[in-house]
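**Q** Using the sequences and the hints given, assemble the complete structure.
2 protein chains.
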Amino acid sequence: GFRFDNLTHYVNSHEEEFVETLRTWVAVESDSSDIGKRSDLHRMMDLTAEKLRVIGGSVAMVDVGVQALANGSTIDLPKVVTAQFGSDPDKHTICIYGHVDVQPAKKEDGWETDPYQLTDINGNLYGRGASDNKAPVLAWIHTVEVYRALNIELPVNVKFLIEGMEETGSDGLDALIVAQRDTFFSDVDYIIISDCGWLSRRPAVTYGTRGNCYFFAEVSGPKKDLHSGVYGGTVVEPMTDLIGIMDKLISPSGEILIPGIREAVAALSDEEWKIYQDIDFDVERYKEDIGISELMYNNKVDLLAHRWRHPTVSIHGIEGAFSAPGTKTVIPAKVTGKFSIRQVPNMDPGVVERQVTDYLNAAFSKRKSPNKLNVTMVIGAKPWLADVNIPLYEAGRAAVRRVFDVEPDMIREGGTIPIAKTFEDVTGKSIIMLPIGGFDDGLHSQNEKISRYNYIEGTKLFISFLHEVSQIKKR
Amino acid sequence: GFRFDNLTHYVNSHEEEFVETLRTWVAVESDSSDIGKRSDLHRMMDLTAEKLRVIGGSVAMVDVGVQALANGSTIDLPKVVTAQFGSDPDKHTICIYGHVDVQPAKKEDGWETDPYQLTDINGNLYGRGASDNKAPVLAWIHTVEVYRALNIELPVNVKFLIEGMEETGSDGLDALIVAQRDTFFSDVDYIIISDCGWLSRRPAVTYGTRGNCYFFAEVSGPKKDLHSGVYGGTVVEPMTDLIGIMDKLISPSGEILIPGIREAVAALSDEEWKIYQDIDFDVERYKEDIGISELMYNNKVDLLAHRWRHPTVSIHGIEGAFSAPGTKTVIPAKVTGKFSIRQVPNMDPGVVERQVTDYLNAAFSKRKSPNKLNVTMVIGAKPWLADVNIPLYEAGRAAVRRVFDVEPDMIREGGTIPIAKTFEDVTGKSIIMLPIGGFDDGLHSQNEKISRYNYIEGTKLFISFLHEVSQIKKR
Ligand SMILES: [Zn+2]
Ligand SMILES: [Zn+2]
Ligand SMILES: [Zn+2]
Ligand SMILES: [Zn+2]
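Chains as they are written, first to last, in the working numbering: chain A, 1 to 475; chain B, 1 to 475.
Since the hints were derived computationally from the structure, they do not count as laboratory data.
One or more hints might be untrue.
With a straight-line cut-off of 30 Å between C-alpha atoms, the simulated DSS-like cross-links for lysine-lysine are [what the hints assert, rightly or not]:
hint, chain 1, residue 1, chain 2, residue 2
1, B, K372, A, K248
2, A, K107, B, K106
3, B, K300, A, K372
4, B, K107, A, K372
5, A, K106, B, K274
6, B, K223, A, K300
7, B, K106, B, K224
8, B, K248, A, K223
9, A, K287, B, K372
10, A, K300, B, K287
11, A, K224, B, K300
12, A, K224, B, K107
13, A, K107, B, K107
14, A, K107, B, K224
15, B, K366, A, K368
Interface residues of chain A toward chain B, partial, derived using beta-carbon atoms under 10 Å [stated by the list, open to error]:
hint, residue
16, H227
17, V236
18, G244
19, A264
20, K328
21, I331
22, K338
23, R367
Only a predicted model underlies this, so the values are computations on that prediction, with no experimental measurement involved.
Glycine included, C-beta positions come from ideal geometry on N, C-alpha and C.
**A** This is how it looks when you write it as structure tokens:
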């Protein structure tokens, strides 16, 4: 039988130990976007492998090659950690995907605590990567650990695939999945991803994500930065050109101005509209959490639709311009605007790349500037959408019911977990996303956190989910 | 008599010593825009005072109070160093103004050498502040030092006024000039500024500068940065708003779009046109130095006019957005666009402040954004223009002829030396700018340098200038 109470009792009594492990992990500055922190990232992968070994996994650290840098040199990618617990052919095999790299974070960005020092404030554990994605990965590891500690046989075979480049586009992972399709993935039945959050205080199961096309628009002119007093008025400034073309991406009311993008988007069906209507979502609370007086859309359905199933343009920033506090009278010589377009069914990143490049080049050439524009798409991640009527999703719903005693919200994710689409395309396996992050965890933001509640109850959810999956009839 | 040869011989034989002193000064990171380097800046003022004391000056370090920071706290301003050499009422008294603070510089901005380690490459001395303004200040100090070393009486009384906040708007200096108008400045006949450069290889005398109004346009919305996947499409992004309004400042062809600005500008007279025609200026060489294929204007007169006597808008950068290498999927919560408008006769910074603020607020309100815009003018410096027909300017021209054996170009400066206008308004004294920086020194840019030639011959120019001033009839 399923000794759920024994298992959850163990989780409750080991809460402090689990928090301490998370503290150790958060302390590693595994920022994959900063090559200066690559050695921390390597250390993070080592820690992950070690943890999986200690609890009895057969662990491998898979070399996925090197990363090409802008200056033409290369740097080692972090190894991908795979692990296996059990190989009973009578059981289902699930593969847990997660990542242990993090977004950049600096105290001076506006963090109230040291981002790499896990800080408990009223039961919320603040730290970069706490919710995205270190605690969920640890919750999965603890799930296996709990079964083992209590000498209870795992109800399913469990594999892990943990990477360290998720935040910058999972460099090297696609190739690994393709290469191991007929080995590591051959006996996998289901792929589980817990790299997202709930929509409200109600637990959720996630069946879709937006993709993302991330662009660099580099405008270069003078061979070096110039003094705006000495040269201003005589040169065509790259910043003016860049601002000019980036202003053509999206209207004040949120309409994407690049021809062809909106036309490609799948129409909202009546059924989908109904799903959104049923979701527990408090628009006022959402506004309050963000701290703004007005949203782009003020009714629930429009808001959820524009969060999950419509594309949007975000301008993230400019590299090469003056960005420090204070004043500097500089004409930057080369500036790179960074923006991304969230992808939804039925958009195609290859087509979007061409649409954006053509559009910006045309807008730029109208300016008749002597500067040069170079548009590149540096990330092109497809959206993912699952069929929620398969047994895997019923297992997810049942696990939620057991632990939280409610029906989960069936939601989509506005963000991108690009690997979901790759898993689906390459392995043909079914994928489910089982989030344990809170709706207000502040992923990619200052003061990221996960609550003790979500971390600990989330572990119980995973324990319960293993059992539910084991109940699915073997084909 | 004027023992010019003895004096210049001394300069030649002490070149290495002068270069070493410059090396010591450049090594101090006296970046006035970075409050984290304030202690270096204080040390720089101490070094300056010490140097002036050693060569026999009566030196004072004048407390000019505190600087208000954005967070409401304050920090000590660097003291202003004043010095006096001689007080013979039968002689003219000149006051040398200079600054020893510098613009920001980091190796990774694209410097080929450590910006704070003076590096000699083929007779060019590379380092932040080398040309702006440490070498010219030292050349003036050495001028006095040489007279003293050779036991030759100074032909004029010499005062120094050296500040450490020039690069961020000379905080505290205006009040000092007002306060000491009837004391330190009461016996000053002429004010000399050497904080600019030549236009070509031909030495120049400068009779005008543009002013500068520097603006911060802060757009704030969400209370913290947001994940563009999770929130993109539902919030009105501050970056989109900021890009939208900054795109309305200037047209692709360089036309300022803010109503009233161009209308205020003094018309170009025939006489002025003639002066520009006579100036030694190679447009092709200028293009080559900048490294661009085409300028905003391609004939000499238009180009010089737009450099010196027309306003322009430069967008320097954005604070608060993502500015690092790599990718980050962030919606910045608060972004501050930084731009400046160069001021020329007959513009008035107070009027410009209102014109810009009204214009941007109107453009912003058309967007119907729930975000907030706050436009502030953080620097408002007037232009300065002198009468070149007074004896002071003949002294400048004569000094150039003696050292370089050519007639100087009579030029204006596109950049701002705001204190020139203040000196004129408060003290009523005549001002001359006597540059010794090279045309290609790269002020405010990567790889700033001064050549040994300009540093050493510049010192001789100042020696010669002291003599020429002594020849002006006392009123
Ligand atoms: Zn993640
Ligand atoms: Zn993430
Ligand atoms: Zn200067
Ligand atoms: Zn300067």
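**Q** Are any of the numbered hints broken by this structure? If so, which, sorted upward?
**A** 5, 10 and 19
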